[in-house]
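Participant: Residue-level listing of the chains:
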Amino acid sequence: GQSLEQPSEVTAVEGAIVQINCTYQTSGFYGLSWYQQHDGGAPTFLSYNALDGLEETGRFSSFLSRSDSYGYLLLQELQMKDSASYFCAVSSGSARQLTFGSGTQLTVLP
Amino acid sequence: KAGVTQTPRYLIKTRGQQVTLSCSPISGHRSVSWYQQTPGQGLQFLFEYFSETQRNKGNFPGRFSGRQFSNSRSEMNVSTLELGDSALYLCASSLEGQANYGYTFGSGTRLTVV
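Here the protein sequences line up with chains D and A, keeping their order. Note that the numbering used here has the first sequence beginning at 11, numbered continuously upward. Note that the numbering used here has the second sequence beginning at 18, numbered continuously upward.
None of these hints come from the bench; they were simulated from the model. Idealized CB from N, CA, C, for every residue including glycine. Some hints here could point you the wrong way.
Claimed, not checked - These stretches of chain A come out as covered by chain D in the derived footprint (C-beta under 8 Å, 3 or more residues): (1) 39 to 47; (2) 87 to 96; (3) 120 to 131.
What the hints assert, rightly or not - Residues of chain D clear of chain A, computed beta-carbon distances all greater than 12 Å: (4) Leu14; (5) Gln35; (6) Ser77; (7) Val100; (8) Pro120.
Stated by the list, open to error - A partial selection of chain D residues facing chain A, derived with a Cβ cut-off under 7 Å: (9) Gly41; (10) Phe55; (11) Tyr58; (12) Arg106; (13) Leu108; (14) Gly113; (15) Gln115.
Based on the sequences and whatever the hints tell you, model everything.
Facilitator: As structure tokens, then:
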């Protein structure tokens with residue numbers, strides 16, 4: 011089966027940089043995705059990494075190391091609105107099904 | 018373009034009843050996936066439909082079922098409701114069911130079983 015590990019909570023101050031790690035175990039790996047979900051809201055897609063390396067999208071960057079089964083989401087210049095849950099998800103198997111981790115609750119303090 | 022629409026937004030049901038939830042994907046998207054979300058559990062995959070066929074199924078009992086219509090709209094049904102079925106049910110649409118362009122989620126149906 012598949013398993014994903016990510017920290018349950020992370021706290022940082024406004025303007026800081028925070029890294030949310032994700033390690034996974036799966037067979038037939040295709041890629042690692044990140045989603046953001048605010049309280050009461052729908053998860054929204056942030057990024058997808060299929061190859062090793064860093065992908066940058068504005069203040070957010072995502073990294074993947076396939077050999078280490080590890081990835082992270084990097085959030086820079088934190089803003090209060092970044093307070094949310096962040097989920098990593100692996101795409102794997104013949105159907106490339108998306109399997110989510112349990113989520114990391116990020117709290118940004120003023 | 019219109020997003021993913023889930024109806025109803027809220028439901029309260031009694032144990033033993035059954036419930037049907039609806040999801041209208043983004044126009045042109047042929048894949049609809051369903052997830053159950055409970056506090057601390059993340060999103061648990063229920064099943065995926067693509068072009069009216071169930072393409073993948075998660076580890077849920079047979080009380081959970083679904084279907085997809087020719088216009089890609091999808092429904093999921095839960096029979097003989099249990100208290101533990103109380104959760105937020107999310108559907109996600111994508112063009113072909115592949116993750117690289119991201120799934121678009123609806124706002125969910127919050128089901129409470131009493």
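Participant: When the structure is checked against the list of hints, which entries are broken? Sort them ascending.
Facilitator: 1, 2, 4, 7, 15
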